[in-house]
Amino acid sequence: MLSSGLPAAQLKSDLFKSLGHPLRVQVLEQLVAGERSVGSLAEAIGCELSNLSQQLGVLRRAGVVTTRRDGNTIFYAVRGTDAAELLVAAKRMVMANLTDSHALLRHLEQE
Numbered sequence: 242m243l244s245s246g247l248p249a250a251q252l253k254s255d256l257f258k259s260l261g262h263p264l265r266v267q268v269l270e271q272l273v274a275g276e277r278s279v280g281s282l283a284e285a286i287g288c289e290l291s292n293l294s295q296q297l298g299v300l301r302r303a304g305v306v307t308t309r310r311d312g313n314t315i316f317y318a319v320r321g322t323d324a325a326e327l328l329v330a331a332k333r334m335v336m337a338n339l340t341d342s343h344a345l346l347r348h349l350e351q352e
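Add 241 to the 1-based position in the sequence shown for this note's numbering, that's all there is to it.
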């Protein structure tokens, strides 16, 4: 018998998969500061437009970012504040892990 939490867990897993690429994380870090054009994002991150477009498509399909067109220019923005909060939480987790690793390293050096 399937757990009643499985569909929700699967949806959350799919969301985390959509965030599970370094370039997509960089895009979100850029977009939490405000809406950006595709060209501006490519320049800021230093990647090819074709690769960036693929990654933006993943984020768009996951509902993490929204788009707006102004003439020939497409602008992207994060949907709500949840992505920014998730990035802050991820940074805290990474920093805690690094702090723990640093403490372990100091302990090993003292042995």
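Hints were generated in silico from the structure; no laboratory data involved. Hints may contain errors.
[Unchecked claim] Pairwise CB distance ranges, derived in the manner of DEER restraints:
| id | residue 1 | residue 2 | range |
| --- | --- | --- | --- |
| 1 | E270 | T340 | 19 to 25 Å |
| 2 | G287 | D311 | 19 to 25 Å |
| 3 | R333 | L256 | 31 to 37 Å |
| 4 | N313 | S342 | 45 to 51 Å |
| 5 | T340 | R302 | 33 to 39 Å |
| 6 | S342 | R310 | 17 to 23 Å |
| 7 | R301 | A274 | 28 to 34 Å |
| 8 | A344 | T308 | 42 to 48 Å |
| 9 | A249 | A325 | 19 to 25 Å |
| 10 | Q351 | R310 | 45 to 51 Å |
| 11 | H343 | H262 | 40 to 46 Å |
| 12 | G304 | S281 | 18 to 24 Å |
| 13 | A249 | G321 | 16 to 22 Å |
| 14 | E284 | L345 | 35 to 41 Å |
Even glycine gets a Cβ: it sits at the ideal position worked out from N, Cα and C.
**Q.** Satisfaction of the hinted span 42 to 48 Å by the C-beta atoms belonging to A344 and T308
**A.** holds, 44 Å
(Q) If I claimed the Cβ atoms of E284 and L345 lie 35 to 41 Å apart, would that claim hold in this structure? (A) With Cβ atoms ~39 Å apart, the hint holds.
Q) Taking 40 to 46 Å as the hint, is the beta-carbon distance of H343 and H262 inside that range? A) For H343 and H262 the Cβ distance comes to about 27 Å; the hint is violated.
Q) Taking the CB of A249 and the CB of A325, does the distance hold inside 19 to 25 Å? A) holds, 23 Å
(Q) Tell me if the beta carbons of S342 and R310 are separated by a distance inside 17 to 23 Å. (A) Violated: the Cβ-Cβ distance is about 45 Å, outside 17 to 23 Å.
(Q) Within 16 to 22 Å: is that where the Cβ-Cβ distance between A249 and G321 falls? (A) holds, 19 Å
**Q.** Satisfaction of the hinted span 33 to 39 Å by the C-beta atoms belonging to T340 and R302
**A.** holds, 35 Å
**Q.** Hint check for L256 and R333 - Cβ pair distance inside 31 to 37 Å
**A.** Roughly 19 Å apart at Cβ, these two residues miss the hinted range, so it is violated.
Q) Is it true that G304 and S281 lie within 18 to 24 Å of each other by Cβ? A) holds, 22 Å
Q: Mind checking the hinted window 19 to 25 Å against the Cβ distance between E270 and T340?
A: Since the Cβ atoms of E270 and T340 sit about 21 Å apart, the hinted range of 19 to 25 Å holds.
Q. Does the Cβ pair N313, S342 satisfy 45 to 51 Å?
A. Check passed, 47 Å falls within 45 to 51 Å.
Q. For the pair G287 and D311, does the Cβ-Cβ distance stay inside 19 to 25 Å?
A. holds, 24 Å
This entry does not satisfy hints 3, 6, 7, 10 and 11, going by the numbered hints stated previously.
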